[in-house]
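So the protein lines, in turn, are chains F and Y.
For the first sequence, the numbering used here puts the final residue at 277, and the numbers step up evenly by one.
For the second sequence, the numbering used here puts the final residue at 275, and the numbers step up evenly by one.
Keep in mind that the hints were calculated from the coordinates and are not lab data.
Heads up, some of the hints might be wrong.
[As the list claims (entries may be wrong)] Under the rule of at most 25 Å between Cα atoms (straight-line distance), these lysine to aspartate or glutamate pairs were calculated in the DMTMM-like manner: (1) F:K163 to Y:D142; (2) Y:K92 to F:E95; (3) F:K163 to Y:E66; (4) Y:K92 to F:E194; (5) F:K163 to Y:E129; (6) Y:K92 to F:D269.
[Stated by the list, open to error] From chain Y, some residues computed to sit far from chain F (all C-beta separations above 12 Å): (7) L17; (8) D78; (9) G82; (10) T84; (11) D144; (12) Y152; (13) L180; (14) V191; (15) S195; (16) D199; (17) F224; (18) A234.
All values reported here derive from a predicted model rather than from experimental measurement.
Heads up, the beta-carbon is just placed ideally off N, CA and C, and yes, glycines get one too.
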Amino acid sequence: MSGYATQIAAILIINVVAAYAAYMPLACGQLNLGIAGFMAIGAYTSAVLNGHGVPLGLSILGGACASTIAGLAVSIPVLRARGIYLTIATLAFSEVVAAVLLNVNALGGASGFVVNDHMSVAPMAAVMVLVLAAVVWLSSTRFGLCMTAVRNDGRGTAVFGVKVRRVEIAALTIGAGFAGVAGALYAHHFNYLEAQHFNVLLSTYAVLYALLGGLQTPVGPLIGALVFTLVPEFLRSTDQWRYVGFGVCIILLMLLRPEGLLTRRLIHDLPFRRRLA
Amino acid sequence: MKPLLFLHGITLTFGGLSVIDNLDIQVRKGSRCGLIGPNGAGKTTIFNLLSGVYRATAGEILLDDEPIDDVPLDRRIDLGIGRTFQNLRLMKHLTVLENIMLGQHRLVGSWARILAPLGGRWNRAWRDEAMEVAETLGLRDDVDRLAQGLSYGVQKRIEIARALVGRPRLLLLDEPAAGLNSSEREELVTVLASSLPRDTTVLIVEHDTGFVRTLCDHTVALNFGRKIAEGDPASVCGHPLVVEAYLGKDEPIYRNRPQPALSNEAAFQRNDNAA
């Protein structure tokens, strides 16, 4: 694999995991724009642990745990807010994390932080498959059923005894954990971290992959991340017009597939669909 | 027989507007009680009070002699209160079977079961039970279809099935026949008569008095948040106050109303004749 293809594959894997970080709360109807903040926590924790001699695998696990704990700590107060206010709160959290990282000299501050161990594309792909398997499994359970129900009608779902707030907190926390994994993968593949990278654009793209791929199935974010990571690369030959082409693709998709590329209706219309019962 | 449900002196006001006014209702265990009344009578409001959406301004609600006013919305189902909605609240992105299985949530309990795949061994008994209820309500062929896009009559039956799988002690059916054509309505009456468990107490809000007469053994009529009649369905449906609430009454002012003034043309004709 050429150097260019390797880098694209690595970015694709990180984007897919980040898309699932955005997907989990979105599956409950919560828009989390703090993905970049959770990614930064995962990335820096993993890098610091690795710098202190912790093996690579355990460092990544440590990064995921740190972002999961941060996700739980943030979701409890933040999920008291609804709609746009919740989104603003998560965005603010992300900005606070970036500002702290930028000003802590022990973490390199504005100069950045060098990460020791390198991770190649193959083990990164294995981690991505694990994340995908976890989301597919969660979606096939009653928890997945509750997430969809909460997204469709939160108050109506509560009537059946579903603890709506607990489901929302669990989804945001699990999503934060996935973001930590994405951040750790980024840290160990590129071996250099700077706080400015973890900005709102990173969160926006993660949300975009999940939304455009479709929230109705666990495969949607994978398709979304694949398409919208690779389309700008395919359009690279068009030089500066590639961003115009990318924008047009997004607009067309929103017009033609407003519920995302992959919907349950689409799957149900397939002749070989799997029966639940 | 002892009442399962006792609404005692219930009053509900929104600002200055009184929606329910000092209402007393008793529903016996195992009975089928119809709640009738014109639009705005407060029928659905009572359902919302029972399921915890609203909290009464005054009075108390007793379920099996236990006050339930302080029990929050998501805990009411733990008391065995199941309900359907007048405006359907199906999860459009879930299949019919998944929608029905959502109604079992309170019975499932542990996180281990919540995190077990729905199609797997751990959920087989729950799935079989949901399938059984679906079959009773004539939904066998639709279980794999998405709720979105199904006919209104089918969606109504999914809501009833979802409420029934929760094995409620008290089942609240909010206008189950509304929006159905006559054949769908007859079919639903037949299905409900055969599928409602005998030990489940049912409270039905309905406009269709024929529906209430067929299914219910007791009826309460409301108007403007007050009870105007109570008793067996036939006598309540024929009660003068109930008829008046639905159809209105003749006002004396209209009976003794003066003859309408002659039109210009008729007046001219009369003048011509006089001349």
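_Hint by hint, where does the structure go against what was stated? Just the numbers, ascending._
1, 2, 4, 8, 9, 10 and 11
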